[in-house]
Amino acid sequence: MSGGTGGPWFARPALFLALLVAPFPAGAQPPAAADAAWAKSVSLRLWESPGWRRLGHWKPRSWGRGWRSDAEREGFFLSALGTDDPKSELQAMLHGLYESSPGPEPQPPRCRFPARARWLIDALSLDPQSLPA
Numbered sequence: 001m002s003g004g005t006g007g008p009w010f011a012r013p014a015l016f017l018a019l020l021v022a023p024f025p026a027g028a029q030p031p032a033a034a035d036a037a038w039a040k041s042v043s044l045r046l047w048e049s050p051g052w053r054r055l056g057h058w059k060p061r062s063w064g065r066g067w068r069s070d071a072e073r074e075g076f077f078l079s080a081l082g083t084d085d086p087k088s089e090l091q092a093m094l095h096g097l098y099e100s101s102p103g104p105e106p107q108p109p110r111c112r113f114p115a116r117a118r119w120l121i122d123a124l125s126l127d128p129q130s131l132p133a
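The sequence shown runs 1 to 133 under the working numbering.
There may be inaccurate statements among the hints.
[Claimed, not checked] Below, computed lysine-lysine pairings styled on DSSO-like, alpha-carbon distance capped at 30 Å:
| hint | residue 1 | residue 2 |
| --- | --- | --- |
| 1 | 40 | 59 |
| 2 | 87 | 40 |
| 3 | 59 | 87 |
[Unchecked claim] Distance windows between CB atoms, simulated:
| hint | residue 1 | residue 2 | range |
| --- | --- | --- | --- |
| 4 | 70 | 48 | 12 to 22 Å |
| 5 | 63 | 121 | 30 to 40 Å |
| 6 | 124 | 76 | 33 to 43 Å |
| 7 | 60 | 129 | 17 to 27 Å |
| 8 | 74 | 51 | 33 to 43 Å |
| 9 | 122 | 35 | 31 to 41 Å |
| 10 | 64 | 127 | 20 to 30 Å |
| 11 | 76 | 44 | 21 to 31 Å |
| 12 | 100 | 40 | 32 to 42 Å |
Since the hints were made in silico from the structure, they are not lab data.
Note that beta-carbon positions come from the ideal geometry of N, C-alpha and C, so glycine has one too.
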């Protein structure tokens, strides 16, 4: 029994199930994967690495403790604190690698910041194939 214009009776539930799982792409990672990568980066203190500081153009402040980036372009940092906080930017970038949707930006962080993404993938020995595209 076809039930009118909808095709066979089993086609509609199949469509419903397809729509239900569509928001979760095959490469999507659970938040736990990002949290585990963050924990590893904390244990390695990656935000203190000269390589990470070069990528964000952070230099020691001339007065007092802390960092300041020479980068002034809007959108250069994912974290609102990124200009002054390499650790905050590393955390934002790392979690951005595991996002399956780009959010308000037209491109995901992995595409917007390929050098940062590559650096984190290498530093943490992440499998690029396990990250959302």
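How the hints compare with the structure:
no.: 1; hint: 40 / 59; in the structure: holds, 24 Å
no.: 2; hint: 87 / 40; in the structure: holds, 13 Å
no.: 3; hint: 59 / 87; in the structure: holds, 13 Å
no.: 4; hint: 70 / 48: 12 to 22 Å; in the structure: holds, 18 Å
no.: 5; hint: 63 / 121: 30 to 40 Å; in the structure: holds, 35 Å
no.: 6; hint: 124 / 76: 33 to 43 Å; in the structure: violated, 22 Å
no.: 7; hint: 60 / 129: 17 to 27 Å; in the structure: violated, 37 Å
no.: 8; hint: 74 / 51: 33 to 43 Å; in the structure: violated, 24 Å
no.: 9; hint: 122 / 35: 31 to 41 Å; in the structure: violated, 20 Å
no.: 10; hint: 64 / 127: 20 to 30 Å; in the structure: violated, 40 Å
no.: 11; hint: 76 / 44: 21 to 31 Å; in the structure: holds, 24 Å
no.: 12; hint: 100 / 40: 32 to 42 Å; in the structure: violated, 21 Å
Hint compliance for this structure: hints 6, 7, 8, 9, 10, 12 are not met, and every other hint is.
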